[in-house]
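Note that the protein sequences, when read in sequence, are chains A and B.
Heads up: the first sequence begins at 1 in my numbering, then just goes up one per residue.
Heads up: the second sequence begins at 1001 in my numbering, then just goes up one per residue.
No wet-lab data here; the hints were simulated from the structure.
Worth double-checking, as some hints may not be accurate.
Calculated cross-link-like contacts (lysine-lysine; reagent style DSS-like; alpha-carbon spacing at most 27 Å) [as the list claims (entries may be wrong)]:
{"hint": "1", "chain 1": "A", "residue 1": "112", "chain 2": "A", "residue 2": "64"}
{"hint": "2", "chain 1": "A", "residue 1": "157", "chain 2": "B", "residue 2": "1049"}
{"hint": "3", "chain 1": "A", "residue 1": "620", "chain 2": "A", "residue 2": "354"}
{"hint": "4", "chain 1": "A", "residue 1": "34", "chain 2": "A", "residue 2": "356"}
{"hint": "5", "chain 1": "A", "residue 1": "190", "chain 2": "B", "residue 2": "1034"}
{"hint": "6", "chain 1": "B", "residue 1": "1007", "chain 2": "A", "residue 2": "156"}
{"hint": "7", "chain 1": "A", "residue 1": "34", "chain 2": "A", "residue 2": "620"}
{"hint": "8", "chain 1": "B", "residue 1": "1007", "chain 2": "A", "residue 2": "92"}
{"hint": "9", "chain 1": "A", "residue 1": "577", "chain 2": "A", "residue 2": "604"}
{"hint": "10", "chain 1": "A", "residue 1": "92", "chain 2": "A", "residue 2": "224"}
{"hint": "11", "chain 1": "A", "residue 1": "80", "chain 2": "A", "residue 2": "282"}
{"hint": "12", "chain 1": "A", "residue 1": "599", "chain 2": "A", "residue 2": "157"}
{"hint": "13", "chain 1": "A", "residue 1": "156", "chain 2": "A", "residue 2": "64"}
{"hint": "14", "chain 1": "A", "residue 1": "519", "chain 2": "A", "residue 2": "408"}
{"hint": "15", "chain 1": "A", "residue 1": "112", "chain 2": "B", "residue 2": "1034"}
{"hint": "16", "chain 1": "A", "residue 1": "356", "chain 2": "B", "residue 2": "1007"}
{"hint": "17", "chain 1": "A", "residue 1": "156", "chain 2": "B", "residue 2": "1034"}
{"hint": "18", "chain 1": "A", "residue 1": "285", "chain 2": "A", "residue 2": "80"}
{"hint": "19", "chain 1": "A", "residue 1": "755", "chain 2": "A", "residue 2": "691"}
{"hint": "20", "chain 1": "A", "residue 1": "281", "chain 2": "A", "residue 2": "86"}
{"hint": "21", "chain 1": "A", "residue 1": "755", "chain 2": "A", "residue 2": "772"}
{"hint": "22", "chain 1": "B", "residue 1": "1007", "chain 2": "A", "residue 2": "354"}
{"hint": "23", "chain 1": "A", "residue 1": "157", "chain 2": "B", "residue 2": "1007"}
{"hint": "24", "chain 1": "A", "residue 1": "64", "chain 2": "A", "residue 2": "604"}
{"hint": "25", "chain 1": "A", "residue 1": "18", "chain 2": "A", "residue 2": "592"}
{"hint": "26", "chain 1": "A", "residue 1": "644", "chain 2": "A", "residue 2": "442"}
{"hint": "27", "chain 1": "A", "residue 1": "644", "chain 2": "A", "residue 2": "772"}
FRET-style restraints, in silico, Cβ to Cβ [what the hints assert, rightly or not]:
{"hint": "28", "chain 1": "A", "residue 1": "319", "chain 2": "B", "residue 2": "1045", "range": "35 to 43 Å"}
{"hint": "29", "chain 1": "B", "residue 1": "1032", "chain 2": "A", "residue 2": "775", "range": "33 to 41 Å"}
{"hint": "30", "chain 1": "B", "residue 1": "1042", "chain 2": "A", "residue 2": "464", "range": "41 to 49 Å"}
C-beta: ideal position from N, C-alpha, C; glycine also.
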Amino acid sequence: MSTEIKELKYSTFKTNIKYSVINTKVHNVDGIAKVTGRAQYTFDIKLPGMLYGKILRSPHPHAKIINIDVSKAMELPGVKAVVTGKDTLGIKQGIWRRYEELCDEQILPLEKVRYIGEPVAAVAAVTEEIAEAALDLIDVEYEVLPAVYEPLDAIKKDAPVIHEGVERNVNVTRHIEWGDVDEAFAEAEKNGGYIREDWFRCSGQHHMCMETRAAVSSYTPEGKLTVWASTQSAYYTQALIAGVLGMREGDVRVIATYVGGGFGGKFELDAAMFCSAVLSKKLCKPVKIVFTREEDFIASKRRTPMYYYVRTAMSRDGMLLARESRMFSNGGAYTGMGATALYLSGFFHSFPYKWKAYRYDGYRVYTNTMPSTSMRGFGAPQAMFCSEQQIEWMCADLGLDPYEVRRKNAHTECYEVPGQAFIQSCGMTECIDKIEEWAKSKGDLGPNRAIGISSCGFMSGGIFNWFDSPYSFSSAVVTINIDGTVELYVGCQDIGQGSNTTLAIIAAETLGVKIEDIKVHSGDTEHCPADLGAWGSRQTLMGGNAVKMACEDAKKQLLEFAYAEMGLNIVYDLDIKDRWVHVIARPERGMKYEDLVKKAIRAKDGQRIVGRGYYTPHRKGMISPAYSYMMQAVDAEVDPETGKIKVHEIMTAHDCGQPINPLGLVGQLEGAASMALGYAYLEDLPTDEGKLLNPNLVDYKVIKAPEMPKTGMIDIETYEAEGPYGAKEAGEGLTNPTAAALGNAIFHAMGIQMKELPLTPERILKALKEKKEKEANK
Amino acid sequence: MFGTGDKAHRAWIESQGYSYIDLLLEQVSEPGNKSYEILSELIEKAQDKL
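Same shape as in the complex, but just chain B (with noise of 0.2 Å):
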């Protein structure tokens, strides 16, 4: 899901109001797995809107 090269989506991410690295180290720096349950609704909610 994330990773080096990615730029498109760390481009998307940030254009729907999320700082990508901000997210990116909260997925390893708290327990859980909250930065892509973020990501999955992001995602979701944009599906719907197409």
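Looking at chain A on its own, in the form it has when it is part of the complex (with noise of 0.2 Å):
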């Protein structure tokens, strides 16, 4: 497995200004320790006394509550507590805090189950081991109900009713649209042009965090919380913990330690966090509480499963003319972030592409299922498949030129995607060129093997703020100590991807200092400014702007002070590069940032400098400030005998901006060609009756280091001006294009169509049956 960049500088946008710090290779800050095993994750805090809490869960998918005796379990000699829904305060909760009805979710709830895995009751006890055994001492009564899994089912008339009051089981339900679809339909129609339609299901996928979920809550009699938690939100944490507990945020602190991974999976309130702190509560006593790999598998969340209906209509000549999209997604027992991904994949669903009518009409359906949720791509993979497969079919039905139809069609500069979103920057005609041109240079690939396309474009921050946060949406502070050493508080959340490491960067820059001069501090709500933490790609662009803010305002104080101490006419500007403070039009004419500091905060009668940033998108459309755009490439062969895949390469062209860390931007890659294959051939949830099937890392299978093919970067440079020096999102949207790529390459090396994810063996191999019977019977 090896990554290489291919430099391309593209872009009139592209600014000619050279960096010290940003676009060099840079080392994660915290890497030396995690690779020494100095990093304490959640799993590792002890604090004294601490007890041990462990979950009893649902063995049913859908049931009432009759009875809760939890007597024999408290008798068991080590136990100290047993909690049920009856010692909460029974508050409903959901990060969709705007909407009352979205908050559907009693973790312990009082009345009834539904999906299994739900937890029912906790124990602490002083060993785990005590713990685990009294659950088997907990008797709970159920009346089993009749359970639905499927949400074409769960609409049905007759169908169970999961949530009270919720008619048909329909969750929430969004509707795109822009231009006359039906009128462009009939136009086309009329015009000779090629209208086709396809029905898809696409699978879910756990998030598969090395960390599974675990929290420590440690509540003292002066009524203060403290939760060590792995999430990707300290401040929702934060937020949720207190509304559940009937607090004040004020009195909640959330620490988050190093995070073992979150991919979308660990911003909302989990059950770890919750029955810890319910329990420490009432103790007043630390409890610690850490999932087993199966429990994180029955009952975290997952990426949401959908059935896409799409209808297309091109032109002979590969003009998009109109599109309408149906989807009923899978959200299981509740809404969770899953209300997001139903808006995210009808919107991305168009993207990257200029339709002149677009109509998507998206239904989230409750089932008795584990809950679905946002991972990584929010929505969008599932759309690209279905998408980009279909343009690729018509493209052959037609006999056109792929690259070209795609290219006439994407989207450009300046473009506005009706009434949804605004695009700035955008590389994507330049990501199909780059594509097409490595494409062709690999020649004839031999038999059952070919390379399959998919372009995408993704957002950089969600604009949405459905938590009701009335904070900004990120918020920094500098402090600059005497020796000029900088102390950056953030609220972003590290877990794993690097931002830290990003916005360490960011801040050298601006300040023109090195980047070991800068100490990052996030991830601990007393001491960092609240933020609305890692999803939605959006800590480079919006917690980069605010650091980047931030160290504005603390230069700015320390420049001022060199103007007067410099004597220097007020025509001249003045910067500072590695750490060195200058005239920029005489460089030579200086002094050291160090010595200046040390003046500086002298005037400033000792006070240290500190400076403050913050970030909200405004005038931004409804999605996101700005948008990255990618085209990869996938190069897959299939072995007609046994319908297995192999994947050769992978080439991704990408447009995010301005790179800011080209080590981070490899690690990105390369995470999300795993994550993304695994989900195009390996990784599925499989449930009979509405228990999984595999909770386990044996018969759940995700890519192995020694499988992942060779991954290759095009670096199409734009410059995105909302962006913290021209930068987008790069990561995230990485995971989109995969499974459709996939499956062009295998529709390219076996003429087969394939609609259902993942693209396992079998169904290859019955495709492959269909279509020689298809041709035997011509």
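The two chains are supplied separately, each in an independent frame; assemble them into the complex guided by the hints.
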């Protein structure tokens, strides 16, 4: 496995500024702590007198809770407390706080359970083993109710009602429309255009974080609660815990330790956080809960499974005329972040093309299965699997060049997605050009092997505030010490993606110091400013803008003093680069940064230099302030005897604006390729009567390191005016094109059209058999 | 046009003799745009009465 970056400078928007730190290869600022084992994860937290918690879970997909008898469990020596829904305030919580009806989940429900694995009671004991043994002594009396597992069954009139008052189990709907879709289809038909419709089924996917859900809660008699948690957002966790416990946010401190992966699955309140907090509050003792791998599989959340109907009209010369899509998603038992995935899936299903008429109706349906939520790509990988394959098939049906069709319909700079978004920077066309060039350079690949392509775009931070946060989306505070070192306080959350390194680079560049001068403090609500956290590819753009603003504020204070100190004519401009404070027009004329800091602090009556910055997007449409673009090519081979896929290489042309850290970019590319390929042909969550059949690492297949193909990237540099130093997202969006590109490779290699994920050998063999029978019948 | 949280809209459709949820699901399960056409007719009629 190796990743190479081909340097390609492109775009008229690209500035010619030479950076000192940005776009240099910076190793993760927390890399040494991680590889030497000094990094402390929630699993590693140990407090004096700490108890261990375990959670009893429902064996039924849908049942009323008649009674819970905990008396026998309480008699077991070593057990300190057992809690059920009756020990809580019974508050229904959710991350969509602006909409009360979408806050539908009681962790430890009072009346009924809605999926297998839902928590019903929690135990705290002196050891994990005793807590585990106590679970067997809790007697829960259920009245089993009829259950429903698929969205298309759950919307039927006679389907079981999962949430009282929610008709036909429809949880959320979303409609997106522009142009006159019916007229556009009618016109396409009249003018001899080509109309094609297909149904697709996209599977779920487990987040597969190396670190399972974990939390340690410590409540003290003063009425203060501290929670150490594996979370993507310390602020969300703080606010949600305070809400369900009836506490003030300021009385809850959340410390996000090092996080072993999140991928969209760790910014809601989970049962480890909630149950440990309830137990700790009851006992005034610290309580730790760590999910087992099996618990993580059955009772965390998953990528949303989707059924897509797609109807597209294309002119005979390859212009995309109209599209209407309908999507049913399997929402599982609760809303979670699935409502956002519903919208984003429909929005990115239109990407990256200029549709004159577009209509999407999305329906999120409750079922008696594990809840679905956000996961890297946020509904877009499913949308692209359907869209990009159908476009490829239409090109083949009409005998058109798929690169040319994509090029002539692609987004360009300054394009407005009608009523939805404004695109400022866009390197889509260049991405297509470079991938076409790369694919053609590969020549003939031989039998049963082909290159499939897929293009897409993705957001650089979500604008939506469903959480109803009164705070800025991102904030940063920077203080400069007497020796010139810099303390950077951010609310952004590093979950392994390297955001602390990205923010340190932006701080170092802005202040004109070295990367080793920056110390990043994040993930502690008591010391760091509020921030929405790590989701929606937002931290580089939003956190980066806040950091840049804070550093500019601090730098301005330093330079004001430097002007006075150096006695300069006010027409001269000053700057700091590589710790050298200088006149821009005469760089040799200046002073050392450390000397300036010492003098400036003395001049400020001994106060350290403090800078503040914040960022909230305004007037940037409904989705995101900026969009990344990419085209990916997958070179894959199919064994016609076994249906097995071998992926030889993945090449991606990627416009992420100005890259901040090329090493981080490579890490994101490889991580996304592994996750997206797993989604494309390996990972699945099959169930039987609501029970997950593969909740372990033996039966749940992920790509192992030796199976990873060679991955490469062609960097298309553009300059995004809204991003810090022109940067956009780089990482989440890369998960989106792979399943479609692999599907298209299989189409070109074998002549089969795959409409269901994952692309397993069984499905490929079935499709090959059907193709053979069809040809024989001709 | 449709969406969660739009309770007033939902109640109004039902006061016109239509089931909101039936219209909603018909929109997704039937080809064309029938539910929206019904809705727009209802809105036009209601405007005429003003």
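Against the structure, the hints:
no.: 1; hint: 112/A / 64/A; verdict: holds, 4 Å
no.: 2; hint: 157/A / 1049/B; verdict: violated, 34 Å
no.: 3; hint: 620/A / 354/A; verdict: holds, 19 Å
no.: 4; hint: 34/A / 356/A; verdict: violated, 50 Å
no.: 5; hint: 190/A / 1034/B; verdict: holds, 21 Å
no.: 6; hint: 1007/B / 156/A; verdict: holds, 22 Å
no.: 7; hint: 34/A / 620/A; verdict: violated, 38 Å
no.: 8; hint: 1007/B / 92/A; verdict: holds, 20 Å
no.: 9; hint: 577/A / 604/A; verdict: holds, 23 Å
no.: 10; hint: 92/A / 224/A; verdict: holds, 22 Å
no.: 11; hint: 80/A / 282/A; verdict: holds, 10 Å
no.: 12; hint: 599/A / 157/A; verdict: violated, 76 Å
no.: 13; hint: 156/A / 64/A; verdict: holds, 22 Å
no.: 14; hint: 519/A / 408/A; verdict: violated, 47 Å
no.: 15; hint: 112/A / 1034/B; verdict: violated, 37 Å
no.: 16; hint: 356/A / 1007/B; verdict: violated, 31 Å
no.: 17; hint: 156/A / 1034/B; verdict: holds, 19 Å
no.: 18; hint: 285/A / 80/A; verdict: holds, 10 Å
no.: 19; hint: 755/A / 691/A; verdict: holds, 25 Å
no.: 20; hint: 281/A / 86/A; verdict: holds, 14 Å
no.: 21; hint: 755/A / 772/A; verdict: holds, 18 Å
no.: 22; hint: 1007/B / 354/A; verdict: violated, 34 Å
no.: 23; hint: 157/A / 1007/B; verdict: holds, 21 Å
no.: 24; hint: 64/A / 604/A; verdict: violated, 66 Å
no.: 25; hint: 18/A / 592/A; verdict: holds, 21 Å
no.: 26; hint: 644/A / 442/A; verdict: holds, 22 Å
no.: 27; hint: 644/A / 772/A; verdict: holds, 18 Å
no.: 28; hint: 319/A / 1045/B: 35 to 43 Å; verdict: holds, 38 Å
no.: 29; hint: 1032/B / 775/A: 33 to 41 Å; verdict: holds, 34 Å
no.: 30; hint: 1042/B / 464/A: 41 to 49 Å; verdict: violated, 30 Å
Checked against the numbered hints given earlier, this structure breaks hints 2, 4, 7, 12, 14, 15, 16, 22, 24, 30; the rest are met.
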